[in-house]
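Chains as they are written, first to last, in our numbering: chain A, 1 to 500; chain B, 1 to 440.
The hints are simulated quantities; they were obtained by calculation from the structure and are not laboratory data. Note that this is a predicted model, so its numbers are computed, not measured. C-beta: ideal position from N, C-alpha, C; glycine also. Heads up, none of these hints are tricks.
What follows is a set of in silico ranges between Cβ atoms, one per label pair, in the way DEER data are often shown:
{"hint": "1", "chain 1": "A", "residue 1": "Glu152", "chain 2": "B", "residue 2": "Tyr3", "range": "42 to 48 Å"}
{"hint": "2", "chain 1": "B", "residue 1": "Glu374", "chain 2": "A", "residue 2": "Pro88", "range": "38 to 44 Å"}
{"hint": "3", "chain 1": "B", "residue 1": "Gly19", "chain 2": "A", "residue 2": "Val466", "range": "41 to 47 Å"}
To give an idea of the chain A side of the interface with chain B (calculated C-beta under 7 Å), a few residues:
{"hint": "4", "residue": "Pro38"}
{"hint": "5", "residue": "Ala176"}
{"hint": "6", "residue": "Gly276"}
{"hint": "7", "residue": "Gly315"}
{"hint": "8", "residue": "Leu335"}
{"hint": "9", "residue": "Arg339"}
{"hint": "10", "residue": "Leu341"}
{"hint": "11", "residue": "Lys427"}
The list that follows gives simulated cross-link-like pairs (lysine to aspartate or glutamate, EDC-like), each with its CA atoms no further than 16 Å apart:
{"hint": "12", "chain 1": "A", "residue 1": "Lys158", "chain 2": "B", "residue 2": "Glu319"}
{"hint": "13", "chain 1": "A", "residue 1": "Lys461", "chain 2": "B", "residue 2": "Asp300"}
{"hint": "14", "chain 1": "A", "residue 1": "Lys199", "chain 2": "A", "residue 2": "Glu179"}
{"hint": "15", "chain 1": "B", "residue 1": "Lys320", "chain 2": "A", "residue 2": "Glu179"}
{"hint": "16", "chain 1": "A", "residue 1": "Lys427", "chain 2": "B", "residue 2": "Glu13"}
{"hint": "17", "chain 1": "A", "residue 1": "Lys158", "chain 2": "A", "residue 2": "Asp201"}
{"hint": "18", "chain 1": "A", "residue 1": "Lys470", "chain 2": "B", "residue 2": "Asp298"}
{"hint": "19", "chain 1": "B", "residue 1": "Lys37", "chain 2": "A", "residue 2": "Glu340"}
{"hint": "20", "chain 1": "A", "residue 1": "Lys182", "chain 2": "A", "residue 2": "Glu203"}
{"hint": "21", "chain 1": "A", "residue 1": "Lys383", "chain 2": "A", "residue 2": "Glu446"}
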Amino acid sequence: MKLIFERSREGRRAATVPRPDGLARAEAPQELRRRRPPRLPEIPENEIVRHFTKLTTRNFGIDTGFYPLGSCTMKYNPRVNERVAALPGFRDLHPLQDEEGSQGALELMVELQEILAEVTGLDAVSLQPAAGSQGELTGLMLMRAYFADRGEGDRRRKIVVADTAHGTNPASVTMAGYELVKVDTDKRGNIDLDDLRAKVDDETAGLMLTNPSTLGLFDEHIEEIARIFHESGGLLYYDGANLNAVCGISRPGDMGFDIVHINLHKTFSQPHGGGGPGGGPIAVRRRLEPYLPVPAVVRDGRRYRLEFDRPKSIGKVRAFTGPFGVFVRSYAFILAWGRELKTMSEDAVLNANYLLARLRDAYELPYDRLCMHEFVLSARNLKREHGITALDVAKRLMDYDFHPPTIYFPLVVPEALMIEPTETETKETLDEFADAMTAIAREAAEDPDVIKSAPHNRPVKRLDEVKAAKRAVVRYRFEDHPDLAAEPTASAATEAPKGV
Amino acid sequence: MTYVCLTDADREEMLATIGVSSVEELFRDIPEGVRLKRELDLDDPLSELEIVQRLERLAARNVPAGEEISFLGAGVYDHYVPAIVDAILERGEFLTAYTPYQPELSQGVLQALFEYQTVICELTGMDVSNASGYDGTTVAADACYIAKHATGRSKVVLAESLNPQVRQVVRTYAPGFGLEVVDVPHREGVTDPEELRAAAEGAAAVIFQQPNFFGCLEPAPELAAAANDAGALPVAHVDPVSLGVLEAPGAYGCAIAIGEGQGAGNPLAFGGPHYGFIAAREEFTRRMPGRIVGETTDVDGNRGYVLTLQTREQHIRREKATSNITTNQTLLALGGLIHLCWLGPQGLRELGETCMSLAEHTKDRLGLQPVFPERTTFKEFAVRIGRPAVEAIRAARTRGVHPGYPLGRDYEGMDDVLLVAVTEKRTLDEIEALAGALAA
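Only chain B is shown next, with the shape it has when bound in the complex:
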């Protein structure tokens, strides 16, 4: 057995100090009827080496990106995470701390989160960011909650081209918020501003994605204008990796920007933990969910950082809080901060350009029919392959290529459509391998 810190001699001494005769006696307040009268039915304890061996066996039964050439995306992307991210996040002072309730012992995490909030504001063109949400789906529900209370309206509009998992999570939360959810269909891969304008009438918020789930660039400024026209808050769900080349939501009139942070700084990890980001215009500062770090001074006038605006939060405001979030995704958000600092403004732009250029090149090399030929795409695109996508995936995988995501899982009439994601990690040779696998 491992991680035990007490010896039997310690235990005897401690029990004597407490004034009881056995460990058993410490549990005397637990009624007899609710005690477990047998040992837990678990395996024998393992040594550290045995644990590693067992988990290596399990890991070996997975096929990660890297063991095959992967063009899977659909919300989570195989971007390169620089070595310094792991090196810094493994430091115990960050890894093993908790929420910085005691600022004098937590200036490291607090300052880093202040820097993270600044970076998110810069990327999105917004005034205030929280210290992270759970992921790119739950921040959409958070945005709906803000909008409901800010507008007093009880309907939200979701673009059908918004990630289906984001839409599902909003639908799960909506009944508790007292919100009705309305979808606006896509037209040839993007949302029609006029249709959105009509649906947004009386709505608290409109959420669209840029680039959208199909990889297509939405007419985002027109969508934001349509929502604003109708008095609904425009909410853009954006990819941080795109924001070196694509316009910031704040620059085209959005009230709130949200997104999945994973592509900046987090490994795939079979879907998590990752971080969601949420940023808004200043007027929504006091409606934001979760932790926010603010700048202040100590008694000597030195600059320092604290958790602030806490009267929004559950530990102060309880049932009147703006959210129930407590534990967030700080470590993952710090990974994002480090990655984005490493990229800098020029690296972020180059990263976006490389992804976009490689994706265009991939389209050309595949020679397949794009589903939405009129649209500009970013790093992901949908193609018809003339046979069930699920079969094509199975066949391609036997050749060491995972060709993408079968869109038929979420959209009718798309059983023969593959959503192909191309990150900077894919080489020209790998793109040829994809073309070969799909042609086979």
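For reference, chain A alone in the conformation it holds in the complex:
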């Protein structure tokens, strides 16, 4: 399919820009003025619409079909949330509008903070972080500020991370200036307590843990883990990526965690947008509240206001008070569930266990336990017997019109297939998926070539990722297409605009 630059023809345009009559023309000084116009496409509006509409037909979303991408919580995104986020009172509100003119937005944020505090079992919430990984980094910054304040900042330099952790955890540790200590997983998929005890001392600032873990397993020793850290004076950080398993059932605060981030785009249904936006609020215990980012959004009787005067705050981690449009959608989503939010998590866990039960004979199950909202299978048996890898299984699933699960993660499971169905799927959909997975396992024995050459009905076949990394062509190369590389029209560059 053509790139939009390849549809460009000199002199065409879509936009009309107001040019008020009689307005004197202002210009930048010659030395600061643009000399060569950017090569944006020149293209009429209907062609733009067709181009992007065609692109959408080459993409797969939750609206297209089942999307059991483990650790990403690809649940249905209710359309009403888009409607309310587009209300002019939200969509067109300037973030520097004064408090008098933004009471509704501030109230919504305070209410969302209170809801998240209740769901996590913690005391104070900042909505500011832009995504889960920024929530993690913010949490680690809070630890730094907290220990610096206690005079332990120079000593406590280490953060313990499980070997099953998302890659963001170790990356955040480095960005926060901490030293990483890895802890192993035991045979049941819990943290190895002996290994942990050996690695926690008075130089440890804290632990980052996902619970349930990326294996989809709830750590059975969570109380002991919390005890080990709190006795050594460390703090516990909860990676909330898997919060969809435990809402209303078990709260991170009650498990002993001191800092939690919540992925609003996972548990609370902000659409993932092809890669973002997200929202990564953090909830903390009271003693960490003074360090939260500024401004705080606070309730003051029946009024709402921004509070900047927090001398111990770590500062700002992004602009303004966070991704407000995300808050509107997640707030609306939570209103729909209300006190029955627990049912959401129960159905998510039931769906996952049902799929696990249906698939456990066709694939290897590295940890034979009931799972939480997701589970990890291994295609090791297919690889050993038929040369079929997790990647092959993923590509073949596309022929059955399913989005594949997360593959090759967590790293502790070879040929991993990480499956998260979420609560918003019917039993029939789960059955169809299980049938497809089972059929693929059968095909591996009977007709492995059909799997290895999959996908068969997509706009492209398997793509050469090695070549992509080697060539590193990361923008359109106008120079390789001389007929299309002409400078934009002479008129665009030099003609005096009308009315100015």
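Based on these hints, arrange chain B on the given structure of chain A.
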């Protein structure tokens, strides 16, 4: 209760297949001591209609641009977003997809991001762009991280005329990066190249903004040259809407260009979600943060797109990654792409000219003392109003006009200064209303 997909009969059947007798039993691995033994203290579930009604009530307690005549800017701007942006972004294939880990199912988003990266490179005059950062503040921290590792130096220099929120975010990130942050004061609204040259000695990067936070045009080529002289990477924070009329940072020697994308393609939305962009010269490609889409071919030789250079990223490189970013701002960046394609080169230039001309006209009509009378401004300017700006804002708002941002919030000695932003949406009549409101 809504969004439930299972019936009680389904649940019974599924539990039987699993081999347990109740949903409760599925949670048996959770120790008794950490279970919540009560219902969550939340409201009763609402129907869809009740949700809409409740949110309409909240929205009605805000005063958005459009309900008053707004001259607020200071980093986020009331530009017109064309109808096709919403129409395309509402399509579920884009809206409800995630990061394109499986390229054969994601050619739509991948190709669009490749086009976005190209557009950002064209605007900024750079060689490589990522697929978006969180916003215009965090990309500044990203640029510092690149510069620190590229130069091995541990200091960054920020122009005081750089957006205060950008400076605050850099300061929040800096201790973790092991970076010292130094400010260079503005002189009559712009940065002095000589002073910047001195401060840049031994620095990894210098970040300045063009047009700067006061709306003034910096001597950007001289600032970039001063940084280069000192061996520091020049980083320009730029407004995409200005880049049809103002020179691209790549054309005057910058190493990295960053910015807040909001003005191109995103609504105000009380501060987000928006997108930040970051683009750099080719030599920094493998130090870039976040997702990058690259061109390749499939097994039949057909052109296609994939996430590439992933050995930079957290899911491969973990603690050695160039960034922890995972979820980015793809949908907002696609809004920017569509808006910029709609404008085209001529529309972008006209948009910049209209904003700049309207802002000049506004200055004339207000007849107030500009704070920096010697400077050329783009779409925003600072004026002294002879009384506390906060009071003037309150008074003007009672007349249906929001006159701008009180600069005294960030700069000493500016309690009587308003920062006034004029986009193409403001009409000549609205500018008269502003003049009237401030004269009152």
